[in-house]
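Undergrad: The primary structure of each chain is shown beneath.
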Amino acid sequence: MSAQSSAKRYFGHGLPYSEISHLSGTLITLEGTDGVGRSTQVRLLKEWLEVQGYGVIETGWTRSELMSETIGAAKAGHRLNQLTFSLLYATDFADRLEKIIIPALRSGFVVLADRYMYTAFARSVVRGADSRWIRNVFGFALVPDLVLYLKVDVDALLPRVLKSRGIDYWEAGMDLHLGTDLFDSFRKYQWRLIREYNRMAREFRFVSVDASRTLEEIQARIRQKVGSLLEERKIQTLTESLETLRPLLFEPDAGKTPGGQDPSGHRSLAPAVSPGL
Amino acid sequence: MPTAQTRASRRGRLIVVEGIDGSGKSTQIKLLHKWLASRGVQVFFTEWNSSALVRQATKRGKKKNLLTPSTFSLLHATDFADRLTYHIVPYLKAGMTVLADRYIYTAFARDIARGVHPQWVRDLYSFAVEPDVVLYFRVPLEVAVGRILGSRAKIKFYEAGMDLGLSPIPVESFRLFQGKVLEEYDRMAPEYRFQVIDGTRSIDNQQQRVRAVVNRLFDAGRPVEARA
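Residue numbers (my numbering), protein chains in the order written: chain A, 9 to 285; chain B, 149 to 376.
Just so you know, these hints were derived from the structure itself, not from any lab. For each residue, glycine too, the CB sits at the ideal point set by N, CA and C. Check the hints yourself; a few may be wrong.
What the hints assert, rightly or not - So the derived list for chain B, only partly shown, Cβ under 8 Å to chain A, looks like this:
hint : residue
1    : Leu222
2    : Asp230
3    : Ala360
With the sequences and hints as input, model every part of the structure.
TA: Right, here's the structure in full:
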């Protein structure tokens, strides 16, 4: 991955009242279809990062304080249509963005998001929504620093889902009435979702990880990607702080500028530090 | 949005009342309802923030002050989408007249006053059906504030815009927030061609104006006046 600015930006119009210029944390999202193993990977990744000393906050789709109950109840009934479905997700996402993600990033955490706005895009588009509309709705979202995409084809996905927990009504897209058979509907629906994810992978430059591999192999690949991103960010932070220090280190009268004085008076350290970097 | 419909593709009429709290719009829409019904017009009434889908979340969010400008906006959009699906579109398709106490303009005015992006909230509601007429009850801020303070024991947190931190005193915050909302309404009036009704006039005088406007909406060959 090429070095990119650590500055965060909004996906669209953003939240005009929320300042994001000082978000020093890193936003990493895992995407991929139902049953692909995202949550397990997030858990392992969190563990690994914490062992290394990173502060990690995890956030997952529909888990907001405000909306999780309402979404659960709505999915149990038959009231939702594509429009209300999308808006419930967006409300949940906004709550977690403002209450969890942004504050954590401001405090320098690594935020691991199990699913992100791309899940809403895929599900809405498969249900016939105008893709511009749903993207506008999520215009308040932050663009992640890294999107890890667990890529799998539907035939590799099926045995995995059947072995772990079986097929769920919504994961089979039964609301789309693609057929009365659960298995066939699941296959059709997931095929469409995966096609949408694959399209977005190109458009939004997801980092794809082959999810047909073993759990350990997938995790190793994820750690490699996350590790190099965090290393890059460290070097970037060092470079940035060096940039702010530069005038103090090399300009003869720099010590006189306000706020620039080294309390210990050890200005002679400067030349010894900089060539090494 | 694929659900968006133009006026031409449906048969019923959609009549909307708008205005700040205390503008008198709810009184006027009730009187309009009575009149239309007495003339044999099939009427269905719907009001802002009343769907069962997000009632629980909205209630909890307001009670515990959990809402941010964006979640406040999105919850109301979800409520609206649900009502549009169940309480507005089917009635219009059946040829009935739908009376809406507040519509998307309430969201625009309040959400923009709260600080969300003006274009974002307009795009958010682009799935809405365009009304046949928007009756905007315009009153000066002090008149509306006086009516509300005179009739209510306590102003609610979000109603007073307390989440914006405009003032720690509820009455003062209410005044400042409603002032911002009023500014947004006035800005929208020409943009969306609101029919402006002077809300400082007497109730029956306003109602005559309302009925005149609505009468013009109905088939020229069979206006409401000629029915019953």
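Undergrad: Any hints from earlier that this structure breaks? Give me their numbers in increasing order, please.
TA: 3
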